[in-house]
Amino acid sequence: MLHEPAAQPDYFPRSIPKPESDEKPGQCIAAIRGIVGQYLEITEEHFHDALDLPAEDQAIVARGAESKLLVSFVGTLRDDSAVVYEALEEALQPQDQYALLRENRRGTHPHLIHIVAGRPTKPRDLPVWPNALLFLATLLSVLYTGTTIAIAELSLDHPVLAQELGSSLGSILANLWRGWPYALSILLILVPHEMGHFLMMRRHKVAASWPYFLPGFFISPFGTFGAAILLRESLKNRKTLLDVGASGPIAGFLVAVPLVFIGLATSRVLPMTGEGLIEGNSLIYAFAKWVIFGEVLPNGQFDV
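The sequence shown begins at 21 in this note's numbering and counts up one residue at a time.
Simulated from the structure, these hints should not be mistaken for lab results. In this text, a Cβ means the ideal position worked out from N, Cα and C, and glycines have one as well. Take the hints with a grain of salt, since some may be wrong.
To be verified - Taking CB as the label site, the calculated pair distances span:
#1 L181 <-> I282: 24 to 34 Å
#2 F238 <-> D69: 52 to 62 Å
#3 M292 <-> V180: 22 to 32 Å
Stated by the list, open to error - Each computed DSSO-like pair below joins lysine-lysine, with the alpha-carbon atoms no more than 27 Å apart:
#4 K142 <-> K225
#5 K88 <-> K142
#6 K259 <-> K142
#7 K88 <-> K225
#8 K225 <-> K259
With the sequences and hints as input, model every part of the structure.
What follows is the structure, given as structure tokens:
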């Protein structure tokens with residue numbers, strides 16, 4: 021879950037009963053107030069049940085079996101929200117507490133801090149052998165796909181040999197080495213993409229699994245369905261979400277661009293036969309064709 025406004029306009033809890041004293045059982049509200057007051061100019065404080073929170077915040081609190089909403093403070097942050105969150109995280113962690121920072125959509129003061137007791141237990145590490153097996157299966161899958169592509173290209177000059185190589189599954193498997201250029205290319209894009217996500221989550225100390233690569237034997241035209249990473253706890257704020265979300269595409273893009281130029285430079289320009297799949301041209305792809313061949317292809321007669 022993210023530290024951002026909920027979809028419903030009445031974000032603030034509906035039920036706000038007054039406590040009989042300034043101290044809840046087993047918790048020192050005065051101490052919490054002192055910590056929060058360093059980072060929030062407090063104007064109001066409220067005591068309520070977690071069930072009064074929006075559903076997404078209830079889900080966050082429910083991640084801890086013994087978690088309990090203690091108090092909410094309304095006011096104005098004294099510093100940037102990311103700085104305040106890190107400071108509260110450090111101050112509240114020894115007391116087994118944590119803070120949820122929200123925008124206050126009711127009243128004149130813009131910020132709201134919920135204090136929750138009972139931090140969720142960090143999930144146990146998952147075994148990595150399934151990830152390793154799936155990666156090996158994906159490697160075989162993209163090698164198989166690359167081999168079928170190589171045999172199809174071979175048929176342009178040596179149709180008899182290509183027909184022999186593609187005559188049976190066993191023959192294709194015996195020639196898997198022919199698929200290494202394609203397999204290497206697609207994995208050089210896919211692996212940095214997934215590791216970009218994974219390493220950024222490690223940097224932000226977010227519990228997540230290693231990538232599960234997904235083979236696509238005989239189904240996917242690319243030989244793989246990509247990969248998935250299990251996010252095992254909530255992201256703490258939108259900055260973390262942006263970092264984690266953007267790191268994968270950026271890492272893959274940095275590898276994909278030079279591979280486009282290398283692939284085009286080693287490809288053949290052939291006459292258009294009127295048959296085949298129209299793949300289209302992105303701006304980078306069209307520019308790369310212009311750089312390599314001096315014109316944008318297809319041009320009505322030839323394509324690459």
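Here's how the hints hold up against the structure:
1. Checked against the hint of 24 to 34 Å, the pair L181 and I282 passes, with Cβ atoms roughly 26 Å apart.
2. The supplied range of 52 to 62 Å is met by F238 and D69, whose beta-carbon atoms lie about 54 Å from each other.
3. A hinted range of 22 to 32 Å holds for the C-beta pair M292 and V180, which are about 25 Å apart.
4. For the hint linking K142 to K225, the alpha-carbon distance of about 11 Å falls within 27 Å, and the restraint holds.
5. Proximity of K88 to K142 is assessed by CA-CA distance (about 17 Å); at most 27 Å being required, the pair is judged to hold.
6. Note on K259 and K142: the hinted pairing holds, with a Cα-Cα distance of about 21 Å set against a maximum of 27 Å.
7. Annotation: proposed proximity of K88 to K225 holds, straight-line Cα distance about 23 Å (limit 27 Å).
8. For a cut-off of 27 Å, the pair hint linking K225 to K259 stands: about 13 Å separates their Cα positions.
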